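These are the residues of each chain, in order.
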Amino acid sequence: MQNKDVLIYVEQEGGRVHPIAFELLGKGRELADKTGSRVCCALLGSGIYDAAKELVAYGADVVYVFDDASLATFDSLAHKQNLVTLINEIKPAFVLFGATFTGKALSPRVAATLEAGLNSNCTALELQSDGSLLQARPAFTGNFLAHVKTKSVPALMTVRYRALEAGARNDSRKGEIIKRDVQKVASAIKVLGKGAAKEASIAAADVVVCAGRGLKKADDFAMVKRLADALGGVVGATRPLVDDGWISKDHQVGFSGTIVKPKLYVGVGVSGSPQHLAGMRESGTIVAINSDPSVALFRIADYSVVGDIYEIVPQMIELLKK
Amino acid sequence: MHIIVLAKQVPDIEKVKFLAGSNRVDRKSADAEINPFDLNAVEAAQQMKANLGATVTVLSMGPASAEAVLREAIARDADRGILLTDDAFAGADTLATAYTLAAAIRKLGAFDLILCGEKTVDGDTGQIGPAVAERLGITLLPFVSQITEATADKIVAVIETSAGSLNVEAAFPLLITGTKELNTPRLPTLKDKLRARKAEVEKWTAADLSDADASKFGAAGSPTWVESITVPPEKKRKGEVLKGEGSANQLVAALDKAGLLKG
Amino acid sequence: MGKFPYFTEEHEAVREIARGAAEEFKKTAAEADKNHDYKIVHKNLKRLAELNLIGIHVPTEYGGEGLDLVGHFVALEEIAKGCLSTAFSYNTQRLAMDAIRLGGTDAQKKKYLIPACAGSIISFATTEPEAGSDVAAIKTTAVKNGEKWVINGTKHYITNGVFADWHVLVAKTSPADSQRPEFTAFVVNGDNPGVKISKVENKMGATASPTTEYFLENCRVGDDAVLGAVGGGMSLALSALEIARIGIGTQGLGLMQVALEQAIVYGKERVQFGKPILKNQALQFHIANMSSRVEIARNLLFHAAWLKDQGLPAGKEAAIAKLFATEECTWVCNMAMNILCGPGYTTDYPVERFFRDAKVLEMGGGTSEIMRMIISREELGKF
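Residue numbers (our numbering), protein chains in the order written: chain D, 587 to 908; chain C, 69 to 331; chain W, 1175 to 1557.
Each hint should be verified, as a subset may be incorrect.
Computed cross-link-like contacts, EDC-like style, restricted to lysine to aspartate or glutamate with a CA-CA straight-line distance of at most 16 Å [what the hints assert, rightly or not]: (1) Lys259(C) / Glu1190(W); (2) Lys1208(W) / Glu1543(W); (3) Lys259(C) / Glu1224(W).
In case anyone wonders, no lab produced these hints; they're calculated from the structure.
Nothing here was measured: the structure is a model prediction, and the numbers come from that model.
Given the sequences, and given the hints that come with them, work out the whole structure.
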């Protein structure tokens, strides 16, 4: 008899569990409680045994721990082999991954091996009366929402970070922690070291932090860059700053510069001239920070912060460090 | 050296509409183009061919109109363009698509490198590259943002991972999925573009993949399907104004809740 | 843009490549204009050659792509949207090549057109201080002295003169006292010691397209430099100019579109009296008027180009198309300036450059008055 168990692949880095795992556990717990089944976690890495208890506290009934030096650095083949063996043994109905670099490299390999259906970047999972999961995922670069279903068992999904809610943490919750034998798979990829983060072009960046005339001098771009780094984004500038030679034209955001549509745009001391607005108004989320609340950019912003950029930006950098 | 590039034809994302009340794209609503991420893969192949000498085969699965994508690649020095087109391939989800592409690649014989884009701008799944690598049993290098060095038997590259950018090295055969940062695709010359218009594009049907299991092609081989498509409501700006002492705090919390901060 | 009967898939391929080139040129257009920097235009012409866009309509045996004038003007329209200075020089390059294509021997076509398609620059000179619209008032003389022709005179307002590898020029070859003056076209090497580049003009617009004055001082050339028949220079020049006229108009078509685009983008964002200014019907009607002119110009210009490609007479159509497209381009740029107002008057926006660039299009390739002369003569016949 096919169970309705949920298996969650838990991503971790240096023993620290990626918080998306707790969101997947939140949904897993909800599904398992409705269907009377179990929520299991697969935790792979090296020196990660202690993290298993945290997963139980967030709702896992069972945590399968694969702890071995050979798993210290993520390798999609090694993780796939171990995960597939587990899935074939416990035969869950659903397998959830985070839609992260790791999840996106790993899940299709698992799906292809199992010849199972995989849907990516899900933002919602709704249990149907027939026990299947209706999955919602953006398509066409977010212009449409597709509602998809899967008939294979298991059904695999990768889920967007922050799309689901983590449940409450309860350290007195009970769960099983099982150590698994690790299949050692030699990685074909030799890691040479940390790579220099290649700066994304402003057209392709997910996050753009754009400075405007509120910036008092060219040197202050260092502060803007620190905020951009903290947000995982790139630095942009309005036309006057480029014309004054404070930064190169590659960074110019606007109709005469580059039109940008990042997931997050932060205007730092930007008033919002018409040609600038035309260059960024399709951004996913618009944040404006300015001491003058009457600026045009505030009219199209999701979040307008009225304040001194030289106070707000350093505060944000500090908060983001945590 | 033999390089295979996987490319897909996609509609112009900004303009495309769906046929009223259905899950199918209204092909008249927007022009079709080569998936922008695949254009980066084509450029990477072009560079490697110039530096190392290689034959480049471009492969695409789609309707007859997808021939245009292969011509784009031929205009950019691809030696051979093959379109997998057959009603039997239609309705394929990523599992069936990757299965079909892998079957075609096996038929192509020996290769050193497969290049494809990180994802398509219509499907947005990012699954094809890793799934094809799995089917073929070759090394997967996903999210490559830079090919630092390519020789006759290996690649040194920068990959993007959850742990940041890493410098890595891997031997052929291997499959690379490239990010938008991989390179800046060049403009073809008019001569190359006109030559590509007249070039031969091979068309393969299900019958040409006789070694494969036909029940794994198309809709028949697809365990996932789209029930319905909805248009998200027109985005209204929140217009939240934050002032005073805790405004930086409130802003960071709001961005975190919206999933906009680095994980 | 709607579908046109004249545009084939090959034309769409041309448009795609030309659009890519225009995007590149757009990045340096403001700088080139501000500094009157013709080196940028020269670089852009070389880039056009690299992309095989110089000889679109030139037969393949002479280095071109063997397409047609419609194909060339499709490219020219796109380039004008990116950098009008470059487009102006690009059109003149083609004009000079047309003179050779229409009047040259097979040997001359091979000698000049193959390198021209690959990026060698050729200028074209009828204009002199005393001969603008009145082309027959040319004073530059070419006198046969033994085996050589000796050319003396001044040519001015010659586009691309300063960096040309060759100069096509029209000189008077009839004796000074003759009743009916005769003219002959010549191709002169840029490094001929008798050619002295004098200056490049400072202009109001199209500033990076070098408008050159040069002197001919006992400039000696052989018979092989004669282009077309001796005495046939004027009709050769006028044939080439008829095509160039469509090219001038096509630049107007390109420029109109980018001016309209600026007006729309700005007008949707600029808020006055509580709403974007384009919510006002009066301004919406301006947009409609501008848009109409773009459509009309496009139809006239490509029809005229198509007629020429068919080998059909197109004198009236070319003149009407040029007259309309260029006068209306000035009108559209002026209207765009009205919509952008103060900000548009500053260099923060490219509209002031479009406004300045537009005016030369009413002058080059035959003035608006000359166009009206041509059109009325066609209508009235012998009268």
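Against the structure, the hints come out as follows:
1. Lys259(C) / Glu1190(W): 13 Å, holds
2. Lys1208(W) / Glu1543(W): Violated - the C-alpha atoms of Glu1543(W) and Lys1208(W) are around 30 Å apart, more than 16 Å.
3. Lys259(C) / Glu1224(W): OK: Lys259(C) and Glu1224(W) at ~10 Å, within 16 Å.
In this structure, the one hint that does not hold is number 2.
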